[in-house]
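Colleague: Under my numbering, the residues of the sequence shown are numbered 6 to 305, in order.
FYI, nobody ran anything at the bench for these hints, they're computed from the structure.
As the structure is a prediction and not an experimental result, all values here were calculated from the model.
Even glycine gets a Cβ: it sits at the ideal position worked out from N, Cα and C.
Don't take each hint at face value.
Said to hold, decoys possible - Straight-line Cα separation of at most 20 Å, EDC-like style, residue types lysine to aspartate or glutamate; simulated pairs:
| id | residue 1 | residue 2 |
| --- | --- | --- |
| 1 | LYS203 | GLU217 |
| 2 | LYS296 | GLU206 |
| 3 | LYS23 | ASP225 |
| 4 | LYS23 | ASP222 |
| 5 | LYS115 | ASP138 |
| 6 | LYS150 | GLU206 |
| 7 | LYS115 | ASP87 |
| 8 | LYS223 | ASP292 |
| 9 | LYS23 | GLU206 |
| 10 | LYS199 | GLU214 |
| 11 | LYS296 | ASP222 |
| 12 | LYS150 | GLU198 |
| 13 | LYS115 | GLU55 |
| 14 | LYS296 | ASP244 |
| 15 | LYS115 | ASP139 |
| 16 | LYS203 | ASP282 |
| 17 | LYS223 | ASP37 |
To be verified - With beta-carbon atoms standing in for the labels, derived distance ranges:
| id | residue 1 | residue 2 | range |
| --- | --- | --- | --- |
| 18 | ASN228 | ASP50 | 34 to 40 Å |
| 19 | ASP225 | PRO46 | 43 to 49 Å |
| 20 | ASP171 | ARG51 | 37 to 43 Å |
| 21 | ASP171 | SER66 | 34 to 40 Å |
| 22 | SER187 | ARG62 | 17 to 23 Å |
| 23 | LEU67 | LYS203 | 41 to 47 Å |
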Amino acid sequence: MTAGADREYSRILPRFRKTYIEITNVCNRSCDFCPGTTRPPRFMDRDLFERILDQLRGFASLLHFHVMGEPLLHPEIGGFLDSCASRGYRMNVVTNGALLPGAGEALLGKSAMRQVSISLHHLSERASPAALDDYFQGIGDFIRKAGVYPGLFISLRLWNKRSRLDAAFWDDITRRIAALFSLPFSSVALCDEKNPLKLAENIWLNCAERFEWPGPDKPDLGNQGSCLGLREQIAFLADGTVIPCCLDHNGAMALGAVTSTALSDILSSPRAMAMRDGFCKGVITEDLCRKCSYRLRFGR
């Protein structure tokens, strides 16, 4: 791009509020909530990760290790965080929490770390009480260690409040959370999407209804609506493919790859521009977006 074109593009494209980087699509869980991915298993290498960081300059400042996979499985996660720090990025890590007792040590003391989001909704009614005891003890141990780092936030995410069928399990999990923080069960049970609950200093519980992942087998919801994809968020898959949001788990809306094309050129491609302009105008241009019920949460 010329300098003039680059200035014009920066005026058109807002900075991304959420930027997701999938450092691996391999996971240590197989949850009924998660659709998984048909893509080959992959761990992002350090060179590709740093190329993404360099190309994101001017577009983002807050990054998330998230899309598919469990980021704590990546053996270089500590070095990746050092690369973020050297370039001035802050980082949120999204994890199912099972590996926090060991691999979580790599997150502590890293200046790039802003928040650890622990997704509790992978927990299943089929889990034994002993397994749940071990899981919450591991989370509790990590939280106590993290407490000595005042700039690090913890978010417990419970996104499977959906029907009376889950009432007993929901009560069990929320009682365990209450016990972990020495809080009355009644206060934890009040948590909902509009009212996150402060559990302790820098620690929050976020609750929400379970959502459905978009996919080719889902109902077509029409071409009217909007989304934050390519307006406020963007995502990178483990092979460097650029997608508009973290729900595109198979890369159906691949816009290009930073291994062969500059990010600025990918974002100014006709497909990307049409998608973003459509969202701004309330028109859906992509088939996967037509079958995404999550976008119904967003207005124009």
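Colleague: Report the numbers of all earlier hints that the structure fails to satisfy, in ascending order.
Modeller: Numbers 1, 2, 3, 4, 5, 9, 12, 14, 15, 16, 19, 22 and 23, in rising order.
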